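Enquirer: Next come the chains, spelled out residue by residue.
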Amino acid sequence: MIRMHPPNVWRAMARPGYLLSAWPWRSAGYLLTGVVTGVVVLVGIVTSAAAGAVLAPALVGLPLLLGTALAGIPVAALERLRLRLVDPGPAPDPHESPGEPGLRAWLSTRLRERATWREFGHALLFAGVLWPVDALALAFFLLGPSTVVATPLVVATAGEAKVLKVWLVSGWPAAFGFAVLGLALLVLGAYLLGVAAGARAGLARLLVASREADLGARVAELARSRVRLVDAFEAERRRIERDLHDGAQQRLVALTMTLGLARLDAPPGPLADQLDKAHAQAGTALAELRELIHGIHPRVLADYGLEAAVADAADRSAVPVDVGLELPGRLPQAVEAAAYFVVCEALANVGRHSGASRAEVSGGHRDGRLVLRIRDDGCGGARAGEGSGLTGLADRVSVLDGRLSLSSPPGGPTLLCVEIPCDPAS
Amino acid sequence: MTLRVDRPLRVVLAEDSVLLRDGLVGLLGRCGHEVVAAVGDAEALVTAVGEHDPDVVVTDVRMPPGFQDEGLHAAVRLRGERPALPVLVLSQYVQRRYAAELLDSGDGTGVGYLLKDRVGQVEEFIEALGEVADGGTVVDPEVVRQLLRRRRDPLERLTPREREVLALIAEGRSNSSIARELVVSEAAVGKHVSGILTKLDLPPADGTHRRVLAVLAYLRA
Chain A
1 MIRMHPPNVW RAMARPGYLL SAWPWRSAGY LLTGVVTGVV VLVGIVTSAA
51 AGAVLAPALV GLPLLLGTAL AGIPVAALER LRLRLVDPGP APDPHESPGE
101 PGLRAWLSTR LRERATWREF GHALLFAGVL WPVDALALAF FLLGPSTVVA
151 TPLVVATAGE AKVLKVWLVS GWPAAFGFAV LGLALLVLGA YLLGVAAGAR
201 AGLARLLVAS READLGARVA ELARSRVRLV DAFEAERRRI ERDLHDGAQQ
251 RLVALTMTLG LARLDAPPGP LADQLDKAHA QAGTALAELR ELIHGIHPRV
301 LADYGLEAAV ADAADRSAVP VDVGLELPGR LPQAVEAAAY FVVCEALANV
351 GRHSGASRAE VSGGHRDGRL VLRIRDDGCG GARAGEGSGL TGLADRVSVL
401 DGRLSLSSPP GGPTLLCVEI PCDPAS
Chain B
1001 MTLRVDRPLR VVLAEDSVLL RDGLVGLLGR CGHEVVAAVG DAEALVTAVG
1051 EHDPDVVVTD VRMPPGFQDE GLHAAVRLRG ERPALPVLVL SQYVQRRYAA
1101 ELLDSGDGTG VGYLLKDRVG QVEEFIEALG EVADGGTVVD PEVVRQLLRR
1151 RRDPLERLTP REREVLALIA EGRSNSSIAR ELVVSEAAVG KHVSGILTKL
1201 DLPPADGTHR RVLAVLAYLR A
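Chain order of the listed sequences is A and B.
Here this note's numbering is used: position 32 in the first sequence is 32, and no number is missing along the way.
Residues are numbered in this note's numbering as their position in the second sequence, beginning at 1, plus a constant of 1000.
Hint data in this document are derived by calculation from the structure and do not stem from the laboratory.
Accuracy of the hints is not assured; some may be wrong.
Unchecked claim - Just a few of them, taken from the derived set where beta-carbon distance is under 8 Å, the chain A residues facing chain B:
no., residue
1, E96
2, Q281
3, G283
To be verified - With a straight-line Cα cutoff of 25 Å, these simulated SDA-like cross-link-like pairs (lysine to any residue) come out:
no., chain 1, residue 1, chain 2, residue 2
4, B, K1199, A, G364
5, A, K165, A, A199
6, B, K1191, A, F140
7, B, K1199, A, D322
8, A, K277, B, C1031
9, B, K1191, A, L222
10, B, K1199, A, L186
11, B, K1191, A, A318
12, A, K165, A, S146
13, B, K1191, B, E1162
14, A, K165, A, L124
15, B, K1199, A, S146
16, B, K1191, A, G324
17, B, K1199, A, A308
To be verified - Some chain A residues well away from chain B (every beta-carbon gap over 12 Å; in silico):
no., residue
18, R118
19, D246
20, L259
21, R263
22, A311
These figures come from a predicted structure and were not determined experimentally.
We put the CB at the ideal spot given by N, CA and C, even for glycine.
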């Protein structure tokens, strides 16, 4: 997915034309409002904390202290607004909405949230450190160079000027020289302002903007791409099955037919024997190919659906299997395929490991879910861990928002249960 | 060459793979049969049967346009229209479900269901074709093998109504007679009968009527 990045001060500085754009002004505005806000926050926090502490014994102070702790929330909200000046990308509110209305619910939600305390930290940092830094940046990168540029003006009105309170200037050439130097400093300052504002905004974003929203969007996209991947995988299996069926299988049948005829025509002797052998080998190849194709994607599943395909899998099982499966009709292809392969894998495991004498596949479609249970009377102890085909199948089921659960205590019985939400296909 | 048959048959062949169709036409011709029409899809099969009124139909299961089980459905449909028409269905793989559907069409006689592989066993294939044309029933050994793997005690699985019907079959009653006796429609009886045959895992042996086998299962139980 290509993501369009909204412009921000960093990207603006990387481009020509930064000096003539609004970005230096936006940076200055961001830092200036930062200073103002910071001072207000400092005064507010100190006052309410002090008042709260003093009044705490009288109990009225406690709500004040609580209010102080929650002060980070409005400060952060304001900071998210200010961010738009230099970094207009989305800065989502990190707070959850309280489950129910009322002050109590709101308070208990906020006090339990990590974001609240992160924002409180931000407010303290803002009041103690950040706004003075903003002020210094403004002084050095904007005010200082500006006064240097204004040297000729000062000379014109006062007769002489003390540039940056260091150099005394009274002559015009020197005054204009300083003005030119001031302009150069102003240009440099514009970039440094951008850097200061950008860095400051980056820090603020880290502290007050939700990171989960971004993460959530990525998770959603990943989930969608996983579904697409499984669909593509399934379509590919069907294509391979069709290609093998229409190609290799037909040719092999034709080959056995030709060999069969040739064998009849050949006079008894070594040639007939060789033809016999070739005919038998072609027949074996054909049988193997048929099994292979069946394993890739069985026709009965495509043609008749899950119920018939499960009955077919039960027929093929080495262990006798009782099938009690009733479905309202066809289900979505992906669901049928996933459920079918779970049943096949489970029955294969029953045959291989369980020592069971009997297995049972039961289930149906209830309350918008397909539910299948595969039970055997074997020795149990099955695990869905490493190397088990069940792990891959569990992934496949989870793509469909389904669940696969295995219960297999030592001594048995083993019960595998798969649930997939779905509606009957129309 | 021992392959020539005593009774030449007029065959309508449906097979979408040109390679196999040509091969089968050649094979049947070699044996003395006449392929009166060789078509590539199910619609053409139905048309060709109407046109040529053949002795026997040989059809693939999977054909255009859907490449699913069009051939099988065409065969079932043809037998619905002409119950006496012998049909031999070839399939790349065997499914009990397909076999059941086919054997339940008409009265279960004059049908065959074989793996396509068997055409390579030329003599057996030609023999099976003759059997089907004579009204016999031929089921692929692979289907039988699948059926035998299923659990036993078959009568346990019959509903009380199905057991009643089976008992009447054992008396040699026809479907219409059973319908009258039980005061149900003949279609309902047909449904019970196919239910019984399916539940009893009855692969009719060559030339033996399935109802007889059902009765045997009933008597042995």
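Enquirer: Going through the earlier hints one by one, which of them does the structure break, listed in rising order?
Expert: 1, 2, 5, 6, 9, 10, 11, 14, 15, 19, 20, 21, 22
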